[in-house]
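Assemble chain F onto chain H, guided by the hints.
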Amino acid sequence: MTINWNLYDPQGGYDELIGAPGTARAPATHLTDWLRSLSDEEIRLRKLNAELAIIDKGVTFTVYSDGENIDRAWPFDIIPRVLPLSEWQWVEAGLKQRLKALNRFIDDLYHDQRVLTDGVVPRELIADSKGFRQECVGIHPAHGVWAHVCGSDLVRDADGTLYVLEDNLRVPSGVSYMIENREVTKRVLPELFENVTILPVDDYPERLLAMLQSISPARGPRHQVSVLTPGIYNSAYFEHAFLARSMGAQLVEGADLVVGKDDTVYMKTIQGLTRVDVIYRRVDDLFLDPEVFNPASVLGVRGLMRAWRQGKVALANAPGCGVADDKVIYSYVPDIIRYYLAEEPLLPNVPTYRCLEAADREYVLDNLPTLVVKPANESGGYGMLVGPQSTARERHEFARLLKANPRNYIAQPALKLSTAPTLCDGALEPRHLDLRPFILQGRDTYVTAGGLTRVAMRKGSLVVNSSQGGGSKDTWVVDSEYA
Amino acid sequence: MLSRVAERIYWLARYLERAENTARLVSTYHFLLLDLPKGAQVGWRALPVITGGQTQFAERYARADERNTLRFLLADAANPGSLANSVAWARENCRTSREELPGEAWEQINELHLFVTERVASALARGGRFEFLSGVIRRCQQLTGLLHGVMSRGHAYDFIELGRHLERADMSSRVIDIGTQGHPLSDRPRDEAVQLDVHVWTSILKALTAYQMYRKDLRIAVNDTDVAAYLLHDGNFPRSVRHCLNEIESSLGNLPLHRDMLRRVRSASHVLDQIKPAELGAAGLHQGLDGLQIGICAIHEGIRETWFRG
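Quick mapping for you: the protein sequence lines, in order, are chains H and F.
With my numbering as the guide, the letters of the first sequence map in order to residues -19 to 463.
With my numbering as the guide, the letters of the second sequence map in order to residues 12 to 321.
Because the hints were derived from the structure by calculation, they are not lab data.
The model shown is predicted, which means the values in this text are computed figures rather than measured ones.
Incorrect hints may appear among the rest.
[Stated by the list, open to error] What the simulated footprint calls covered on chain H by chain F, stretch by stretch (three residues with Cβ under 8 Å from a Cβ of chain F suffice, anywhere in the stretch; the number is not a length): (1) 33 to 41; (2) 211 to 224; (3) 240 to 251.
[Claimed, not checked] Just a sample of chain F residues kept apart from chain H, beta carbon distances all over 12 Å, derived: (4) Gly64; (5) Tyr72; (6) Ala136; (7) Ala240; (8) Ala289; (9) Gly295; (10) Glu312.
Just so you know, even glycine gets a beta-carbon here, dropped at the ideal spot from N, CA and C.
Excised from the complex, chain F in its bound form:
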């Protein structure tokens, strides 16, 4: 497989996963907002922080209100991480690596792209938001399912898996970090915000579609340390960081020249092992997640150096 094509396929999977994750995150915030009592201030500013775009956001918008945040996250052409851009880049990467991908994938990604271009404006108002976001999530999942269902398990598929799980591990660790921010969902003073803790961790579960599985698997109440541990370490849950790292390791193993890469993944795994929420306070957890982020970045750099340089 060509290095150039491998790189495009890898990014296709990352952008697709990013688009889906962004839609889930925004959707969770949207519903949380509806649950909160009238007059409660919702901290929309947390969203650009989670997606790593806070600097760009601050440069372009004066107020971190609902409309600006949503415009930035979903529609903004100047935000490289916006949902619209993720989908456009996924399409562009698909367009330039079509010979490796099933023809239907191109049809579906075109359809997704059209859907987003035509409808993203409708998501800025509350009325059309749910339909738009669930439409995006459904289409992303359809594509993931298609690739899973019809692609031979060769190198192209390995790069899809690598991209998807790396992006997912990245996003999961960022979302867990919401819980370490003290009062991310409220601009109220700390003492009032404490009572929102359950809401915060429930939202974190929901943003990663983990709520039902957490309940079913653990059968315990929502609390910070158990939720964090579940999302970090439960290898059976497909959006946990542990599961993603396991999948990355197994995909890497199928590729040529993978020895150095395995070392990098194991070292990130080791960092993950050391993050024990029950023994850490919010600050310690935040620090641990920072280390994990560094490990994830190192895996990405390694992938780039090993296979994409040609």
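Next comes chain H alone, as it looks inside the complex:
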């Protein structure tokens, strides 16, 4: 038996591959036709090959559970998710616009705070912000850029609109899995690449390196770039190593670095101490420098902030950029874009209720069963209330939390996330997904072609985080002109 697309039922939602029962969307027709030509046995074999490739390549993520760190094989579904190039070009422009505006916003916050004076964003939001760092006031990072690497989560609602759900500005991860997903797809479905023009994604490390070099304080063509990792027990260590390796950069831990009396950062090498120009840090702000932030941190480097403030070393992302990675600030991004760029936002936000504002708060409290409530500063899907799937008791608890600390919560309507066909026990079933493209800004801006698609593998589930049982798919931006 082979796949019968007529039996595939997107259940009234928007499906990324199948428009109407039995009919594929234009850029996906080649894919769906080809899948139909495979026997069940053949599909099972390809899936098995993908699993083996992932184990062989050692593509893992680490979960902390039962007091132990467990390295798990990266969960991957072999059926790609397809986006048309025409749509993607619009998204790409929208993401660049967004990050440019956010960087202008952060730079303003640490200097004149015009945006607050002009009343575009309320001043008290910044005063209470967990991400605002007094230590960063008055500093001028190269090109006025603070958030150099951004991972924005996009979701599509039932009517087909793509929304920005959040902007991850602190230490967004996932890009290595985007690249590995493509590698695995090329191994197990090579036939598909013959007849479809799929934009490549493997130039990311090159672009990342160019961005990091563009913010280096050193003159001349050679810059010592390093990736600062919290170490092998960090859940994203695989990615830190992957990026360092593919950029030819040094992967360093805090203990490998030392700040000299000249406020310059050095690494301990077999030659002795060597100067470091740029640090792509994957360590959270508060652990970066025990001299300034958490004094107990062993992940950071004593004196690093001193070196950065004096422009002796570049840090990406800059400390303090997390001020814009806040779900309340998020709700102001469309205004921020209009304010700094005098442009209309190209990508819409998900409608957001700010619990800080009385009217919004009343609405949220009255409509908890239909809303998703999120804390302003959490990531990884933790600390949320998903209204439609909640119990009365959970809603009661959230109402209490929300009234106690309204600044810390926002609420959004529960979207019906789009789906794509996913292999579940040998059959194709619709599963909900999102998309995380990665945006770089240094001297120039760059957006990955597509991004990391995350899938909720459980039927009906909307939670896509890999730490909570999510999977992933290769993401194709397909140029149909040349299909």
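Frame of chain H; chain F shown alone:
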């Protein structure tokens, strides 16, 4: 190159070499066992001694029989030098220094690790032993070949070479020492064991994969002094102690701050020069090998102090 990374790469190479050497050693014993007449007692206890684990072995096992010895050498998680641990540590060191190593090395070492974890139990019984051990040897060689074939000849490669040759020199000198133990392969009285001498030295050659090269290069019969001299001094044979020390010296020369290290290697070389099997009895040879071991340890200590302290 970071000191921390240099140290991990060095140990990666040592553990990989150790895993291969352990597999060869066990394999040689296994075949020797099949050759011996029925009823002959094979002295398995020599194996933990050669690998320097006799104390741990005695603490954990009551009997030095085939099954216990093999479990200890191959599978035992509590023996830091077991083959399974060597491979696990090689993998861990590779995992934490991946940015310096070719991506394929990580894939292959993962595959080796999986192979060992899944199959090591099968080697405890005689039936699956050969397949397991030759599988390990083949995979280790594949990795060595990969590193040789695709890594630029920079400092990372120098540390790989250092680790491999130091471990190999260490193991070769330990294996030669089997021949000085009198009757290591038999629990029989000395006079009967004498007749096993040829077997002993042939096994020593085989454990270091030197049998064929010895025959080809020297064209003489297997006897104690010639075998020992060949394995110690023949610089053309890649598992001889002389060859390993030469390679160590040349790798050191590529690294910064190597002056004191060269002194240490030359002093170990000098000790090696003084070991002349034809002029020494078993006791003298054993003493000489002890001195050589001390020299090898001193090289390791020097490497640690010079490059890994940061």
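Hints, one by one, checked against the model:
1. 33 to 41: It holds, with 4 qualifying residues against the three required.
2. 211 to 224: n = 4 at 8 Å, threshold three: holds.
3. 240 to 251: Holds, because 5 residues of the region 240 to 251 of chain H bring their Cβ atoms closer than 8 Å to Cβ atoms of chain F.
4. Gly64: At about 27 Å from chain H, F:Gly64 clears the 12 Å cut-off, so the statement holds.
5. Tyr72: 29 Å, holds
6. Ala136: Fine: 27 Å to the nearest Cβ keeps F:Ala136 off the interface.
7. Ala240: Holds, since 36 Å exceeds 12 Å.
8. Ala289: 41 Å, holds
9. Gly295: Per Cβ check, F:Gly295 is outside 12 Å of chain H; nearest 39 Å; holds.
10. Glu312: 16 Å, holds
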